[in-house]
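Sequences listed follow chains A, B and C, in order.
Per the working numbering, residue 1 is the first one in the first sequence, and the count goes up by one each step.
Per the working numbering, residue 230 is the first one in the second sequence, and the count goes up by one each step.
Per the working numbering, residue 482 is the first one in the third sequence, and the count goes up by one each step.
Quick caveat, the hints were computed from the structure, so don't treat them as lab data.
Be aware that a few hints might be false.
Here are the simulated DSSO-like cross-link-like pairs (lysine-lysine), alpha carbons at most 30 Å apart as the crow flies [unchecked claim]:
{"no.": "1", "chain 1": "A", "residue 1": "191", "chain 2": "B", "residue 2": "460"}
{"no.": "2", "chain 1": "A", "residue 1": "191", "chain 2": "B", "residue 2": "362"}
{"no.": "3", "chain 1": "C", "residue 1": "531", "chain 2": "A", "residue 2": "220"}
{"no.": "4", "chain 1": "B", "residue 1": "474", "chain 2": "A", "residue 2": "191"}
{"no.": "5", "chain 1": "B", "residue 1": "331", "chain 2": "B", "residue 2": "312"}
{"no.": "6", "chain 1": "B", "residue 1": "432", "chain 2": "B", "residue 2": "382"}
{"no.": "7", "chain 1": "A", "residue 1": "191", "chain 2": "B", "residue 2": "312"}
Partial chain C-side listing against chain B, Cβ under 10 Å, derived [what the hints assert, rightly or not]:
{"no.": "8", "residue": "489"}
{"no.": "9", "residue": "564"}
{"no.": "10", "residue": "566"}
{"no.": "11", "residue": "665"}
{"no.": "12", "residue": "674"}
All residues carry an ideal CB built from backbone N, CA and C; glycine is no exception.
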Amino acid sequence: MIDLHGFGDQLLQGALITVELAMASLAVGLVLGLLGAAAKLSSIAPLRWLATIYTTIVRGIPELLTVLIIYFGATIVLMAIASQFGYDDYIEVGPFAAGVTALGLTFGAYATEVFRGALQSIPKGQHEAATALGMGAFRKFQRIILPQVWRVALPGLGNLFLVLLKDTALVSIVGLDDIMRKANIAVSSTKQPFLFYATAAVMYLLLTIISMVVVTWLEKRASRGMRRG
Amino acid sequence: MTFKKIVLGSALVTGALLSSVMVQAQETIRFATEGAFAPFNYMDNTGKPVGFDVDIAHALCNDLKAKCVIVTQDWDGLIPGLKVHKYDAIIASMSITPEREKVVAFTNKYYSGGVRFMGLVGKNFDLKNLSGKTIGAQRATVAAQYLEDHYGKTANIKLYDNQDNVYLDLESGRLDIVLSDELPTYNWLKTSGKGGKFEFKGKAFLKTDQIGIAVRKGDTKLKDQLNKAIKDIRENGTYQKINAKYFPFSIY
Amino acid sequence: MDFSVVVEYFPRLLEGAWVSVQLVALSVVLGALVALPIALARISQNWWIKGFPYAYIFFFRGTPLLVQIFLVYYGASQFDVVRESILWPILREPYWCAIIAFTLNTSAYTAEIFRGAIQAIPEGEVEACKVVGMTKAQMYRRVLLPRAFGIVLPAYGNEIILMLKGSALASTITILDLTGMARTIIARTYTPIEIFLAAGGIYLVISMVIIAIFRQVEKRQNRYLGTVSIKVPDKG
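Model the full assembly from the supplied sequences, consistent with the hints where possible.
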């Protein structure tokens, strides 16, 4: 057995934080992605511009920099807003909240494109059929559009999630106790960089494999009603 | 799991997150330290920060009957983090320098520093002229600034995120010589088992270097409280006890 | 907010940007060279030929680039064997460690892009090659690879932008790339937001230039074709 010098528990705790961070960012990112896609397909021009600015900026700036900017910038922005309302105590944005915001923003920008493609893949006839059956806009979206968007978007979203999972390592730079930071701490104390970075690599690989299995399962479920071939 | 549920769940998580960006009242003192600067501040293998700085912080809180929260933050994010209220004070073996005093306020010193070169045993250096040599130091420290100002034109200077990585690269042979605070290096030479391989080069300098606790400018209340507490623990012997835990001589 | 520091330090940020551009350019060129044989082996029918590229691609796409950089830079130098080898003059330089890590990383993604492109070429063209009596090597050199090159361009342009973004991690191993330079400046000025935003702006400009260049090349390369698109996963 490999001797982790008593840091095994720490690394496992780090893995838990990594998973939590990834799941929370995924949730935020999915919402942003749907909103972004809706805005890009909207008939209101300023909404489309806003969405394009969002995806262009976020996709053109390194994720590491996004994390750093949000970590240091969010508090200042939030406090400026709060002081407008006469509130002048400080507002805490910890590494976790900063990480979720930064990674959620990144995921959302890429997911916007995935959702847009999926929304566009639904034939116009279905919109018309739903309207002809007397469905309102909301019901049409909920019953006809969403289930299909989900199926078409899943493979793309799955890939984005694997990217997100690896990007969580960047949040260690602002001090979140994830796998990467726990590995750094272990290296500091044991002077065994190879051992601990290799262990971290294996842990990320395992998380990747688990995610892939889950995505495949979801894809199978989502296409239950589809014809084969 | 339907897509609807997922969207709903996502919205809930987003809402919960926003509300978790919580607003706290200041009844505790929140200290930040680095956690990579043994023996002053480093992480034990349960992931908690420990060391001289941490012990001093607890002693000060004890004296002030305040609750102590100690968080860790990478070195070059410490002052920016203080400025944006991520914590109230920095106790991380930080030297009091004119540059830093432009952006933060310092308490009186809680120990004295000084920097010193270190390199391979038996290898001789002309410390006045290190041209062509690769010198390492931690980014955003007094040592780094000294290197940039005095050797920046002639030597190859490499700056690291933390002191541990400086040691790692000295051991690997990527660095010829390093400049860092004398006391942690003294400790490293004693405790890491590398004392036979590496040694101090030349004498310590910048001995007037004083280490203080940084607080936000204008936070004079906290600064005065901490100054009083430093004085108290110096007088009631708590400081000396902590000092003896780490060094056999006074570092005040 | 005080943006005068940005004006003052802008030339140094540009110096850093130049290092970033060099790192990316070298890595993607070397990465493409490494990727080609891997992609070819990956589409082999023999499991023992495609086994290695499969594992290689899986490892480099399944772990964070940050872990890979630390493994190359701090991990490898832990061993005396490495430090005493003839490779040490290269491995002791952070610059080359970054190039090595980036090259390995991008080659795994690029190999998948190449594979997708080769497999996207219509079966009929392969059959046509066989009919006119080309050998396998001829077929690859004359038809499949040039065709794949045209198909590959959009995805490959994306990959270069992702590499540009990934190159910010060079700053974690003492390299003064754009991000490293920004962090060093902040160490003196304590103005993280202003300097990071400026650095972000420069990254944005560089990626827009890359996009523009690729649009031009695509236009030229595919001018005689309709559009053929392939699906390639993103990376991190």
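Taking the hints in turn, this is what the structure says about them:
1. A hinted pair counts as satisfied when its Cα atoms are at most 30 Å apart, and residue 191 of chain A with residue 460 of chain B does not qualify at roughly 38 Å.
2. Restraint check for residue 191 of chain A and residue 362 of chain B: satisfied, since their Cα atoms lie roughly 25 Å apart, inside the 30 Å limit.
3. For the hint pairing residue 531 of chain C with residue 220 of chain A, the CA-to-CA distance comes to about 27 Å; that is within 30 Å, so the pair holds.
4. About 24 Å separates the Cα atoms of residue 474 of chain B and residue 191 of chain A, which keeps this hinted pair within 30 Å; it holds.
5. With a C-alpha separation of about 12 Å, the suggested pair residue 331 of chain B and residue 312 of chain B falls inside the 30 Å cut-off, and the hint holds.
6. The suggested pairing of residue 432 of chain B with residue 382 of chain B holds, with an alpha-carbon distance near 23 Å, which does not exceed 30 Å.
7. Restraint check for residue 191 of chain A and residue 312 of chain B: not satisfied, since their Cα atoms lie roughly 33 Å apart, outside the 30 Å limit.
8. Evaluation of the residue 489 of chain C hint against chain B yields a violated restraint, the C-beta minimum of about 15 Å exceeding 10 Å.
9. Because the smallest distance between the Cβ of residue 564 of chain C and any Cβ of chain B comes to about 6 Å, under 10 Å, the interface hint for this residue holds.
10. Interface restraint check for residue 566 of chain C: the shortest CB-CB distance to chain B comes to about 12 Å, outside 10 Å, so the restraint is violated.
11. The closest approach between the C-beta of residue 665 of chain C and any C-beta of chain B is roughly 6 Å, which is under the 10 Å cut-off, so the hint is satisfied.
12. For residue 674 of chain C, the shortest C-beta to C-beta distance to chain B is roughly 8 Å, which falls under 10 Å, so the interface hint holds.
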